[in-house]
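**Q** If you read the protein sequences in the order shown, they are chains D and W.
Everything in the first sequence is counted per this note's numbering, starting at 1 for the first residue and increasing by one.
Everything in the second sequence is counted per this note's numbering, starting at 1 for the first residue and increasing by one.
These are computed hints drawn from the structure, not numbers from a lab.
These figures come from a predicted structure and were not determined experimentally.
Ideal Cβ placement from N, Cα and C applies to all residues, glycine included.
Treat the hints with care, since some could be wrong.
[Claimed, not checked] Pairwise CB distance ranges (calculated):
1. D:GLY28 <-> W:GLN40: 37 to 45 Å
2. D:ASP4 <-> W:GLU8: 35 to 43 Å
3. D:LEU26 <-> W:SER57: 26 to 34 Å
4. W:ALA109 <-> D:ASN64: 31 to 39 Å
5. D:GLU14 <-> W:GLU59: 29 to 37 Å
[Stated by the list, open to error] In the DSSO-like style, the derived pairs of lysine-lysine whose C-alpha atoms are separated by at most 27 Å in a straight line are:
6. W:LYS12 <-> W:LYS48
7. W:LYS65 <-> D:LYS13
8. W:LYS105 <-> D:LYS45
9. W:LYS79 <-> W:LYS50
[Claimed, not checked] Sample of chain W residues at the chain D side, in silico, Cβ under 8 Å:
10. ALA15
11. ASP18
12. ASN69
13. THR72
14. LYS79
15. PHE82
16. ILE88
17. PHE93
18. GLY96
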Amino acid sequence: MAMDSGEIERLIKEAFPDAKVTIEDLAGDGDHYAAHVISEAFKGKSRVQQHQMVYKALQGRMGNQLHALALQTGVPA
Amino acid sequence: MSDNPAFEQIKKDVAENDVVLFMKGSPAFPQCGFSATVVQVLNHVGVKFKGVNVLESMELRQGVKEFSNWPTIPQLYVKGEFVGGCDIIREMFQTGELQTLLKEKGVDAAA
């Protein structure tokens, strides 16, 4: 039950090619990460929608292989 | 939406209570750091809420994720509307958006 940060970044970038993604490993166990995702695709979307878009990009791993992902999303300044 | 039996229970809870927190454990004994964080925020804001322990039933634990199309627990509902999980509630609390939302929805918060 774990993922490596490279895979998380790859999946997010696949769904959001323009995204700026920074991933932080919170616990070193492959299960608890923080991710900061900046993309044009979030424009006009509520926070919940933005996070749901990222969870969709992770193709069902969220809550399964990946136990915790502290998410911060936004649009380019 | 699939006719998951847990949906009836969820719909009832969110309809009958202004603020509902589906969490792991109970408000007095949260069994997950993220659930505990949201309980602390709600207590700090001083709003009355119903805590629902999803660990009591696998059906409820999976059902609430389907119901809101949100993959993790905890999940906060205000006046029947899904507001967010731990990250969003903490961010909204820090920016004051949570307090504004509660006021707009006519939920009295002591703070």
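**Q** When the nearest CB of chain D is found for PHE82 (chain W), is that gap smaller than 8 Å?
**A** Result: holds, 7 Å to nearest chain D Cβ.
**Q** Hint check: LYS65 (chain W) vs LYS13 (chain D), CA-CA at most 27 Å. Holds or violated?
**A** holds, 25 Å
**Q** Looking only at beta-carbon atoms, does the pair ALA109 (chain W), ASN64 (chain D) fall within the given range of 31 to 39 Å?
**A** holds, 35 Å
**Q** Would the stated hint for ASP18 (chain W) survive a check requiring a Cβ distance to chain D of less than 8 Å?
**A** violated, 19 Å
**Q** Run the distance test for LYS105 (chain W) versus LYS45 (chain D): straight-line Cα separation, threshold 27 Å.
**A** holds, 21 Å
**Q** Holds or violated: is there a CB of chain D closer than 8 Å to the CB of THR72 (chain W)?
**A** At about 5 Å, which falls below the 8 Å cut-off, the nearest Cβ of chain D leaves the hint on THR72 (chain W) intact, so it holds.
**Q** Identify whether the interface hint at ASN69 (chain W) stands, where standing means a beta carbon of chain D within less than 8 Å of its own.
**A** holds, 6 Å
**Q** Starting from the hint 29 to 37 Å, judge whether the C-beta atoms of GLU14 (chain D) and GLU59 (chain W) obey it.
**A** This hint holds: roughly 33 Å between Cβ atoms.
**Q** Is the shortest C-beta separation between ILE88 (chain W) and chain D less than 8 Å?
**A** Hint holds; ILE88 (chain W) Cβ to chain D Cβ min 5 Å, cut 8 Å.
**Q** Does the CB of PHE93 (chain W) sit less than 8 Å away from some CB of chain D?
**A** violated, 13 Å
**Q** Quick one, is the LYS79 (chain W) hint okay against chain D at 8 Å, beta carbons?
**A** This interface hint is violated because 15 Å lies over the 8 Å limit.
**Q** Is it true that GLY28 (chain D) and GLN40 (chain W) lie within 37 to 45 Å of each other by Cβ?
**A** violated, 25 Å
Consistency note: the structure conflicts with the earlier hints numbered 1, 10, 11, 14, 17, 18.
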